[in-house]
Amino acid sequence: MFADLLLEEIQPREIDVKNIPDIELTESLEYDLQKMLEEEEGSFSKVSDKTSVVQTDKNYVFFSNQWLYLAVLCKKYAESLKPYGDFFDKKIRGNQHVMSALVKKDFADADWIELIPEQVDRERMIKFIEADSTYRPGKALLNGDKARSIKDIFGSCILKKIAVPDASSAYLGNLIYYLAKRPDLYDRLEKEVTFQIGNAGNAKKLSRITKDCARQIIDVIYNIDKFEKIKSLLDINEKNVKVNISRTGGLLPAGNFLRYLFARPNSDLYAGDSDKARVFVDKEYTISFETENVECRLTTEWVDSELVEGGNGNYLKALIAIVNEYYKENIEIKTILGERYLYMIKEKFEFKDLPEVLKTDFARRYITSLLAKPFVILTGNSGTGKTRISKQFAEYLEWESDEGKKNWVIIPVGADWTDNTKILGYYNPLAEDGNGKYEKTKIVELIEEANRHKEIPYFVILDEMNLSHVERYFSDFLSHMETPDTPFELEGYTRRLDYPENMFVVGTVNIDETTYMFSPKVLDRANVIEFKPQKEDVFKVFSAAGTVGKMVPVNDGSAQAFLKLAKEIRTGKFAVDEDLTHYYTDVDGDFTGSNLDYVEGVFSDIYEIVQKYDFEFAFRTVKEIRNYIAAAYELLEKTEFNLNQIIDEQLLQKILPKIHGNKKEIGQMLEELTGLCDKYSLVLSKKKIEQMKGKLAKVQYASFI
Numbered sequence: 002m003f004a005d006l007l008l009e010e011i012q013p014r015e016i017d018v019k020n021i022p023d024i025e026l027t028e029s030l031e032y033d034l035q036k037m038l039e040e041e042e043g044s045f046s047k048v049s050d051k052t053s054v055v056q057t058d059k060n061y062v063f064f065s066n067q068w069l070y071l072a073v074l075c076k077k078y079a080e081s082l083k084p085y086g087d088f089f090d091k092k093i094r095g096n097q098h099v100m101s102a103l104v105k106k107d108f109a110d111a112d113w114i115e116l117i118p119e120q121v122d123r124e125r126m127i128k129f130i131e132a133d134s135t136y137r138p139g140k141a142l143l144n145g146d147k148a149r150s151i152k153d154i155f156g157s158c159i160l161k162k163i164a165v166p167d168a169s170s171a172y173l174g175n176l177i178y179y180l181a182k183r184p185d186l187y188d189r190l191e192k193e194v195t196f197q198i199g200n201a202g203n204a205k206k207l208s209r210i211t212k213d214c215a216r217q218i219i220d221v222i223y224n225i226d227k228f229e230k231i232k233s234l235l236d237i238n239e240k241n242v243k244v245n246i247s248r249t250g251g252l253l254p255a256g257n258f259l260r261y262l263f264a265r266p267n268s269d270l271y272a273g274d275s276d277k278a279r280v281f282v283d284k285e286y287t288i289s290f291e292t293e294n295v296e297c298r299l300t301t302e303w304v305d306s307e308l309v310e311g312g313n314g315n316y317l318k319a320l321i322a323i324v325n326e327y328y329k330e331n332i333e334i335k336t337i338l339g340e341r342y343l344y345m346i347k348e349k350f351e352f353k354d355l356p357e358v359l360k361t362d363f364a365r366r367y368i369t370s371l372l373a374k375p376f377v378i379l380t381g382n383s384g385t386g387k388t389r390i391s392k393q394f395a396e397y398l399e400w401e402s403d404e405g406k407k408n409w410v411i412i413p414v415g416a417d418w419t420d421n422t423k424i425l426g427y428y429n430p431l432a433e434d435g436n437g438k439y440e441k442t443k444i445v446e447l448i449e450e451a452n453r454h455k456e457i458p459y460f461v462i463l464d465e466m467n468l469s470h471v472e473r474y475f476s477d478f479l480s481h482m483e484t485p486d487t488p489f490e491l492e493g494y495t496r497r498l499d500y501p502e503n504m505f506v507v508g509t510v511n512i513d514e515t516t517y518m519f520s521p522k523v524l525d526r527a528n529v530i531e532f533k534p535q536k537e538d539v540f541k542v543f544s545a546a547g548t549v550g551k552m553v554p555v556n557d558g559s560a561q562a563f564l565k566l567a568k569e570i571r572t573g574k575f576a577v578d579e580d581l582t583h584y585y586t587d588v589d590g591d592f593t594g595s596n597l598d599y600v601e602g603v604f605s606d607i608y609e610i611v612q613k614y615d616f617e618f619a620f621r622t623v624k625e626i627r628n629y630i631a632a633a634y635e636l637l638e639k640t641e642f643n644l645n646q647i648i649d650e651q652l653l654q655k656i657l658p659k660i661h662g663n664k665k666e667i668g669q670m671l672e673e674l675t676g677l678c679d680k681y682s683l684v685l686s687k688k689k690i691e692q693m694k695g696k697l698a699k700v701q702y703a704s705f706i
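Just so we're aligned: the sequence shown equals residues 2 to 706 in my numbering.
If you are wondering where the hints come from, they were derived from the structure by calculation, not from laboratory data.
Be aware that one or more of the hints could be misleading.
In silico BS3-like links for lysine-lysine, alpha-carbon gap of 30 Å or less [to be verified]: (1) K152 - K243; (2) K443 - K522; (3) K533 - K688; (4) K152 - K192.
Values in this document were obtained by computation on a predicted structure and should not be read as measured data.
Using the sequences and the hints, build the whole thing.
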C-alpha cells in the first residue's frame, strides 16, 4: 500500500545550489503551470519562461524556474509521499474514532487495524504521522489533537530533503505538492527538464535495459575506431574476447568485471539464434590484432550492479568507466536524473570531414560565408542547385528535439508577401472562440526552438526570396538580425522573443523576368554567391553517382562544433592573425610585406576605384571580409588555404553585388576593376566583371544579379 520512504532510488540526489541549471519553459508548460497555481491559490499568478510570481494568502512569492529542476529531482520521493497524505485525508482525518486513537497512540485499536490490515503498512503510516526522523523528516502531522494540512507536511518534509537558501524557499514544498497532485503535468515537466539538461549538447539517451545500453555504447566506439583505443586491454581466448582489468591502470577495483565482452565463432554462444541466445545475433564485429582478425558477437549477459572488489561478470558500469577514460576525446557518458546520456564530442569543424557532396568550391564558399555571417544569398538560374546545397548542409547538421522538431525549415516565398506577417505572424482577435490568439509562422516557431537550444545551429531557408519585394516582408527581420540584443515587439505575442544568435538565414534568388531586384541595403548585409554549375557536375546526373538523396545527419557533434566556430569568428577570435603577419612576396616580386599588408593593399586599391563612383564600402563590409578570411583559414587545412583566392571570393561576394547602373555610371569603373583583377590575379571576380561589361554593352545597364 505504502512505499518505503527510505528506498535509495527515490531519494532526491544532493546538488550544489550554485550549479542548478536554468530551465526555460515551453509555452504550453507555462500555461498549464500557471493554471495549476491559480487553481491552488485562487488568485493571481504569472509563470514566464524563466521566472514566476504567485500571489498567496499572505504575500507575493517570486521564484526562479530553476525550482522546477529541484521539483523534478524530488519527483520520485514526492510520488511515494503523496499516497500517505491522500490516505490520511480520505480515510483518517474525518474518522473521529481513529483520530482519537492516534492522538492517544493507541495503535492496537481495532478500527485502526481494520483500516490498514497489513502491519508493515501500519508501521509506515505511524512513522509518517509522527514524523519519525529516521523515516520521514519534517513536522509531525498531529499537532496536539489537531491534524496539520498535508500540504504543510509535504512542504516541511521536502525542505528537509533538499535545502534551498532563499527567503521564499518554503513555497518550493507547495509547488512540489501541487505537481504531485497532477501526475500528467509532473511527467511532462520531468520530460522537458530532463530533455533540456540531457540534450544540452549532442547527447543520445541510452536505453534503460542494461544489455541494450551496453550494445549502444559498443556500437558507438566501434564506429569511431573499431576498438583501436582499447585493443591493448583485450585478451583473446579460444572462445571469447575479454577485457583484462589489470591493464587499466587502477581505473577499476580488482576483479573480473568484464569476463567476456564478445563470443567467437567456435563458442556455443555465437551461433545461438533462439530466445535463449546469449549474444546479439544481428551484428558481427571484426577486431584487427597484429596476428589475426577476430570475428565476434557481443554478449547479452550484462549486469548494472555497483563495482565491488572481486566482482565477476559483465558490468555495465565497468564498461562506462573504461569508455569515459579511453574515449574521452570522442564521447562522454553521463547520468542525469536517473537517465544515461552519451555525448559526442567534436572539437573542431573542418572542411575535410564533410561528405563528398559538400566538398565542392561552391559548398566551401557557402559554408565559409555562413561562418563569417549568418545571412547568405544564393543566386543563379532556376535549377542550378541553390536550394539543394542549402538543404543538404542543413540535413547534414540536422538535430531533432525530444518533440521531434528539427533545426531547419524551408519556407517558399510567395508573390503575395507584402508585409512581415508571413515571417513573424500576427495576432488574430477572432481565434479561440473570440479570446484571441497569436498566429505563429514556422519561422517564429523555429526562433522559439533556437532560443531553447542555444548550443544548436538553426537554419531558415527562404526559397525564391525575390518572388516578392524583399524589403516589404523582410526589413523588420533584417533589422533584428543586425541588432540581436533587441527583442522583437509583436502585438499580441505575450512572451519575450529574442533574435537567436544561433540562427542562420539563407535566401535563394532566381534570375528571371518574374522576380524583383534586391536593394543595396539587403545585399550589403550578406555574402552573395552566384551558382553556375560546371558541365561535368551537370552530366553526373545521368549516372547514379550524380544522384543525391536526403543527407544522413552526421550526429557526431559537428552541429555544435560548427556553431562554436561561427561564434568564435564573430567575436574576433582569429587564429589567422599570426599567419597574416608573416612576410609575403607576390609572384612578380612587386610587393613585399606581411600578408596583412597585402590584404589591406588589395582592398585599399578596390576602395579607391569604387569610391570615385559612389560605391564605397564601410566598416561592416570590412569586418565581414575579415571574418570570411578567418573562417576560411579555420575551415581549410593550412596547405589548402590560398589567401589570394579568398580575397578574390570576397571581391566577388561582398563588393561586386552592390554595383549596378548604366554605362555612364559604372562603365569606366568596371574597366578599372578589370585592371585591378589582372594586377592581383583575381580570376573569379574578373570573369564576373566581364559578364557585367557584356551585359552593359547589350542593354546599357548591368547589375550583379
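These are the hints, each one checked on the structure:
Restraint check for K152 and K243: the C-alpha separation of about 54 Å exceeds 30 Å, so the hint is violated. The hinted pair formed by K443 and K522 meets the criterion: a straight-line CA distance of about 25 Å does not exceed 30 Å. Note on K533 and K688: the hinted pairing holds, with a Cα-Cα distance of about 12 Å set against a maximum of 30 Å. Taken as a hint, the K152 and K192 pair is honoured in the structure, with Cα atoms around 24 Å apart against an allowance of 30 Å.
Of the numbered hints stated above, the single one contradicted by the structure is hint 1.
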